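In the order they appear, the protein sequences are chains A and B.
3 is the number of the first residue of the first sequence in my numbering; add one for each residue after it.
3 is the number of the first residue of the second sequence in my numbering; add one for each residue after it.
Hints listed in this document are in silico derivations from the structure and should not be mistaken for laboratory results.
Only a predicted model underlies this, so the values are computations on that prediction, with no experimental measurement involved.
Treat the hints with care, since some could be wrong.
Copies of the same chain look alike in the list, so a pair counts if it works inside one copy or between any two.
[Stated by the list, open to error] As a list, the in silico DSSO-like pairs of lysine-lysine whose alpha-carbon atoms are at most 30 Å apart: (1) Lys-215 x Lys-297; (2) Lys-491 x Lys-297; (3) Lys-14 x Lys-491; (4) Lys-545 x Lys-215; (5) Lys-545 x Lys-297; (6) Lys-19 x Lys-457; (7) Lys-215 x Lys-19; (8) Lys-19 x Lys-158; (9) Lys-19 x Lys-359; (10) Lys-545 x Lys-491.
There are 2 protein chains.
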Amino acid sequence: MRAHQLIPSWLKNYQPKWLIGDAVAAILASMMLVPQALAYAALAGLPPYLGLYAGLLPLVGYALFGSSSVLSVGPVAILALMTASALTPIATPGSAEYINGAILLALLSGIMLLLMGFLGLGSLSNLLSLPVVNGFVSGAAVLIIAGQIAPLLGTKSEGHTALEILLSTIDNSPMSDPDAALMGLIALFSLVIARLGLPLLLRTLGVERTRAKLLSRLAPMLVVLLSIALTAIFHWEQDLPVVGEIPAGLPDFTLPVFNPTMIYQLLLPALIIALIGFVESLSVAHTIALRRGEKLDANAELRGLGTANLLSAFSGGFAVTGSFARTAVNDEAGARSPLSGVIAAIFIALVLLYATKVFTELPVCVLAATIIVAAANLIDLRALAHHWHYDRTDGLAMGGTLLGVILFGVEAGIGLGVGLSFATLIWRASRPHIAVVGRVPGTEHFRNVLRYTVKTQPDTLFLRIDENLFFSNISAIEDRLFAEVQRQKSLHDLVLILSSVNRIDSTAIERLQQVNQDLLERNIRLHLAEVKGPVLDRLGRSKLLQELTGRVFLSAYIAELALRHHNIHDDGQASTPPSPADPS
Amino acid sequence: MRAHQLIPSWLKNYQPKWLIGDAVAAILASMMLVPQALAYAALAGLPPYLGLYAGLLPLVGYALFGSSSVLSVGPVAILALMTASALTPIATPGSAEYINGAILLALLSGIMLLLMGFLGLGSLSNLLSLPVVNGFVSGAAVLIIAGQIAPLLGTKSEGHTALEILLSTIDNSPMSDPDAALMGLIALFSLVIARLGLPLLLRTLGVERTRAKLLSRLAPMLVVLLSIALTAIFHWEQDLPVVGEIPAGLPDFTLPVFNPTMIYQLLLPALIIALIGFVESLSVAHTIALRRGEKLDANAELRGLGTANLLSAFSGGFAVTGSFARTAVNDEAGARSPLSGVIAAIFIALVLLYATKVFTELPVCVLAATIIVAAANLIDLRALAHHWHYDRTDGLAMGGTLLGVILFGVEAGIGLGVGLSFATLIWRASRPHIAVVGRVPGTEHFRNVLRYTVKTQPDTLFLRIDENLFFSNISAIEDRLFAEVQRQKSLHDLVLILSSVNRIDSTAIERLQQVNQDLLERNIRLHLAEVKGPVLDRLGRSKLLQELTGRVFLSAYIAELALRHHNIHDDGQASTPPSPADPS
Numbered sequence: 003m004r005a006h007q008l009i010p011s012w013l014k015n016y017q018p019k020w021l022i023g024d025a026v027a028a029i030l031a032s033m034m035l036v037p038q039a040l041a042y043a044a045l046a047g048l049p050p051y052l053g054l055y056a057g058l059l060p061l062v063g064y065a066l067f068g069s070s071s072v073l074s075v076g077p078v079a080i081l082a083l084m085t086a087s088a089l090t091p092i093a094t095p096g097s098a099e100y101i102n103g104a105i106l107l108a109l110l111s112g113i114m115l116l117l118m119g120f121l122g123l124g125s126l127s128n129l130l131s132l133p134v135v136n137g138f139v140s141g142a143a144v145l146i147i148a149g150q151i152a153p154l155l156g157t158k159s160e161g162h163t164a165l166e167i168l169l170s171t172i173d174n175s176p177m178s179d180p181d182a183a184l185m186g187l188i189a190l191f192s193l194v195i196a197r198l199g200l201p202l203l204l205r206t207l208g209v210e211r212t213r214a215k216l217l218s219r220l221a222p223m224l225v226v227l228l229s230i231a232l233t234a235i236f237h238w239e240q241d242l243p244v245v246g247e248i249p250a251g252l253p254d255f256t257l258p259v260f261n262p263t264m265i266y267q268l269l270l271p272a273l274i275i276a277l278i279g280f281v282e283s284l285s286v287a288h289t290i291a292l293r294r295g296e297k298l299d300a301n302a303e304l305r306g307l308g309t310a311n312l313l314s315a316f317s318g319g320f321a322v323t324g325s326f327a328r329t330a331v332n333d334e335a336g337a338r339s340p341l342s343g344v345i346a347a348i349f350i351a352l353v354l355l356y357a358t359k360v361f362t363e364l365p366v367c368v369l370a371a372t373i374i375v376a377a378a379n380l381i382d383l384r385a386l387a388h389h390w391h392y393d394r395t396d397g398l399a400m401g402g403t404l405l406g407v408i409l410f411g412v413e414a415g416i417g418l419g420v421g422l423s424f425a426t427l428i429w430r431a432s433r434p435h436i437a438v439v440g441r442v443p444g445t446e447h448f449r450n451v452l453r454y455t456v457k458t459q460p461d462t463l464f465l466r467i468d469e470n471l472f473f474s475n476i477s478a479i480e481d482r483l484f485a486e487v488q489r490q491k492s493l494h495d496l497v498l499i500l501s502s503v504n505r506i507d508s509t510a511i512e513r514l515q516q517v518n519q520d521l522l523e524r525n526i527r528l529h530l531a532e533v534k535g536p537v538l539d540r541l542g543r544s545k546l547l548q549e550l551t552g553r554v555f556l557s558a559y560i561a562e563l564a565l566r567h568h569n570i571h572d573d574g575q576a577s578t579p580p581s582p583a584d585p586s
Numbered sequence: 003m004r005a006h007q008l009i010p011s012w013l014k015n016y017q018p019k020w021l022i023g024d025a026v027a028a029i030l031a032s033m034m035l036v037p038q039a040l041a042y043a044a045l046a047g048l049p050p051y052l053g054l055y056a057g058l059l060p061l062v063g064y065a066l067f068g069s070s071s072v073l074s075v076g077p078v079a080i081l082a083l084m085t086a087s088a089l090t091p092i093a094t095p096g097s098a099e100y101i102n103g104a105i106l107l108a109l110l111s112g113i114m115l116l117l118m119g120f121l122g123l124g125s126l127s128n129l130l131s132l133p134v135v136n137g138f139v140s141g142a143a144v145l146i147i148a149g150q151i152a153p154l155l156g157t158k159s160e161g162h163t164a165l166e167i168l169l170s171t172i173d174n175s176p177m178s179d180p181d182a183a184l185m186g187l188i189a190l191f192s193l194v195i196a197r198l199g200l201p202l203l204l205r206t207l208g209v210e211r212t213r214a215k216l217l218s219r220l221a222p223m224l225v226v227l228l229s230i231a232l233t234a235i236f237h238w239e240q241d242l243p244v245v246g247e248i249p250a251g252l253p254d255f256t257l258p259v260f261n262p263t264m265i266y267q268l269l270l271p272a273l274i275i276a277l278i279g280f281v282e283s284l285s286v287a288h289t290i291a292l293r294r295g296e297k298l299d300a301n302a303e304l305r306g307l308g309t310a311n312l313l314s315a316f317s318g319g320f321a322v323t324g325s326f327a328r329t330a331v332n333d334e335a336g337a338r339s340p341l342s343g344v345i346a347a348i349f350i351a352l353v354l355l356y357a358t359k360v361f362t363e364l365p366v367c368v369l370a371a372t373i374i375v376a377a378a379n380l381i382d383l384r385a386l387a388h389h390w391h392y393d394r395t396d397g398l399a400m401g402g403t404l405l406g407v408i409l410f411g412v413e414a415g416i417g418l419g420v421g422l423s424f425a426t427l428i429w430r431a432s433r434p435h436i437a438v439v440g441r442v443p444g445t446e447h448f449r450n451v452l453r454y455t456v457k458t459q460p461d462t463l464f465l466r467i468d469e470n471l472f473f474s475n476i477s478a479i480e481d482r483l484f485a486e487v488q489r490q491k492s493l494h495d496l497v498l499i500l501s502s503v504n505r506i507d508s509t510a511i512e513r514l515q516q517v518n519q520d521l522l523e524r525n526i527r528l529h530l531a532e533v534k535g536p537v538l539d540r541l542g543r544s545k546l547l548q549e550l551t552g553r554v555f556l557s558a559y560i561a562e563l564a565l566r567h568h569n570i571h572d573d574g575q576a577s578t579p580p581s582p583a584d585p586s
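In isolation and in its complexed conformation, chain A is listed as follows:
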């Protein structure tokens, strides 16, 4: 990388008139970031102030290397949950070992993201289909909500699955703290009202739509500040669990303890965090880029997110990625360039330097309420209906991932989803669509006899196979082929149209050779038509072309012409030598 490339192009081309938009957006986004940062750190099982550390330098890191102008990078609920789920089996939440583990996770996934960026391995994220990502996010949101009911009510819960957590919450509920429960529920109620009712109220008051939505996004900060004020005035901190002491000042440069056993245990979780974080962030950035007519560079995104995670680790934070909610605020509030991220970081730094005392008396139950409302927003059952409607197998993959995450946990759920999406893919390919086709009169086009009025021949059968031929579908293809042959008694010639066949594997080629022989027994010649170039190249390496009783035709139309002529003049003797034409 050349030296001048270290200065990002947005900075070189910065126009002063952008400053106001960037600054306003930055302040609004950080008003949202502060309570979220505290809450998501708690969700990750970490001291809340570590969320502010994770919300500081990553903003700058992304601004240096990322390609989206308004993506807001920092702590998000899903990665906080994944951090907790990776660490709770191997360390006690809140312990020094646990905090070290969280830093290691951020470091590892940062390194992985950078590697993917430099090696062009962003395609790894293609293992995750949209239904799997949707199902994962919805399932993780359910898991998050299940885990926050206990802190909301001022009690404890344990367990790894949503069911275990909910059952233990119910078991522990007699010990719950009525003050905390009341305050938590009031906070929850206010936040729900603010999200659902406030935009409507503001709009009836004449506030413009985008602005109304924007203002309602600041409700969590308001509720947080109000609860702090009330707690301070009435000294509720003696009865309620509060966030407690936050060390004032900027984070120190930190290096985690490199514990090899722990690193080994965290490799897979870090990879999943990197992939999920990347996919989520990319989809947010892409939506915005599309609206703004900007160009997004997946590799730049990987480098930006990788740097953000490294900086989070070096400043003692945890894994971060692009936040959907804060990016939306940034966008709606008129940010023009990544400078808004840098300004937001300065705002967070000011909070850390001068305002940490404010948040010490923030009740934990209020944080839980903000997490629940944020997570509820991530549950997307409409996506489930949409995928199911579009294709049952896509619906199955999303439903399976969702249930997997809820019932078996974060990683098992992802594993199940990826497995399901590949299994259904292969299942579909194993049941290929095969059409008997005929020529559309007056054209050279051959179409399905069931969908079109077409011309067919009594002694020539045209079969189009709509799938690659490989070991798990070749039996089904054979069965269908012989069933059609059985049906048409006076058959002399069978033409397989391979226009949709992009690959034939060695199992299928072996079976086709047998089919060729079996048809010869019945005095039927086998022809191929519309064979693709790469397929024909490969066929040349097998014995099929030499043994083929019929010919290879450039198109079904040419096959029809040749065979009609042949059958009239030649009385259909199966003696034409194979003469491969050159199709595309």
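Based on the hints, put chain B in the right spot on chain A.
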């Protein structure tokens, strides 16, 4: 099933002139079966005489329900190895529990084969590609040979992998029995000479080729009888391990002890035994049926093999399937109907009733020699070269299975092979072939610009995607599409030719909608052409068709005509409403 169907059709139509061929073939095949049965039972870790039990009733069971006229069903080396590999971790070889386990395995796989036959689930065997089956057989043969070196040399070996077994054989070799080693090596040498040299010798003596091959197949029986005679004459049984007492008489009807834990542990091995046995047997039967112009029925094969295994279990035997070598002998010796199997069973019954004493003095090292020669014949490195040459991924699947079986054992090897064959399938589909196409002048055909001299347009790009669109390849497709768009500056219209696309999943459809928007930003309209019926049906459930900036054309040719006309008269404004035509 109606009553008269219980009498197989070959029996109803039996012609007396077939009898001589059937009888001669039966006697030759059982001459081969007797030493193999004893040897494979030993290979399975069972008392050798159980091999004779497994070689008796299964022949009759298959004759009743199977569809091949000459398939010889009974003990085979591969299933013997799989029996040993499934049972050694859970019982001591030779113990009552172990024998019970072997009977349970035969029973379970018999039930599974029958279920597959009645439920039409024979397609389960489609999970096994040809390279995986080839690799498995070769790998298992190596494993068998590794395990037989110790008995050949009169010593012991332990371990599960080929390497462990060989190392322990070398460790134990100082304790080997020089008498046994000498006799074993002489037997091995004679058998190799018989297999390689005898046919040649017989042919130079004027014996016809098939007959020479046939006679050389009887060499093992000769070597066995000779070794028995020598042992009896010189009383070597005092120095050499011999087969020992064989209970005279036919097997009793047996039911295994139904130990639920053991049944649970054997479910997966039984399924793999059923599938491998079925695939192997079917391929043998198919080769013969093709040569004889017979019709093979996969479901009848499942019922035949299932019954054979049940009868093996009920008579105290182990898992059986069609034997390649004995079927070949049966075929070459002129068998005409399954009666040859029934006659062979009678021959085995006579051996069990009157000739068991003969085999008590058969040295174990000679059995080992016959197993080694039979297994060596199964190693097929030419298949590896063939698959690798045809397609690297097929070669990889075979090589992976082979190495997997040798290094990690039978089931792990199969698992690795199946995993590899699916993984390479998906890997290939993730790197789709995409061609820029143009019209072949004077025709309506569009072909790859790199392979043909074709006509292209400066303002219209025709792209043909040769793969289904799904989550793991849509990124690659997007990248290629935008790279082509970048290359052609004056572009107004992009036509995606979907003639090879049989499915578009919901991830891909979502991304195509974004592509449609992205192209709109650049003032390029997106058109689709040659969309298949089922694909178009599904597209109708998404928003793509409504949002599409271009049109859906029946063919690329029609698209070219329409767009040329349009661009001349309409100055290329992106305003034509989508009007889906009806393609096939």
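Status of each hint after checking the structure:
no.: 1; hint: Lys-215 x Lys-297; verdict: within (27 Å within a copy, 72 Å between copies)
no.: 2; hint: Lys-491 x Lys-297; verdict: between (60 Å within a copy, 17 Å between copies)
no.: 3; hint: Lys-14 x Lys-491; verdict: between (77 Å within a copy, 28 Å between copies)
no.: 4; hint: Lys-545 x Lys-215; verdict: between (68 Å within a copy, 26 Å between copies)
no.: 5; hint: Lys-545 x Lys-297; verdict: between (50 Å within a copy, 23 Å between copies)
no.: 6; hint: Lys-19 x Lys-457; verdict: neither (69 Å within a copy, 50 Å between copies)
no.: 7; hint: Lys-215 x Lys-19; verdict: within (25 Å within a copy, 93 Å between copies)
no.: 8; hint: Lys-19 x Lys-158; verdict: neither (51 Å within a copy, 87 Å between copies)
no.: 9; hint: Lys-19 x Lys-359; verdict: neither (36 Å within a copy, 106 Å between copies)
no.: 10; hint: Lys-545 x Lys-491; verdict: within (29 Å within a copy, 45 Å between copies)
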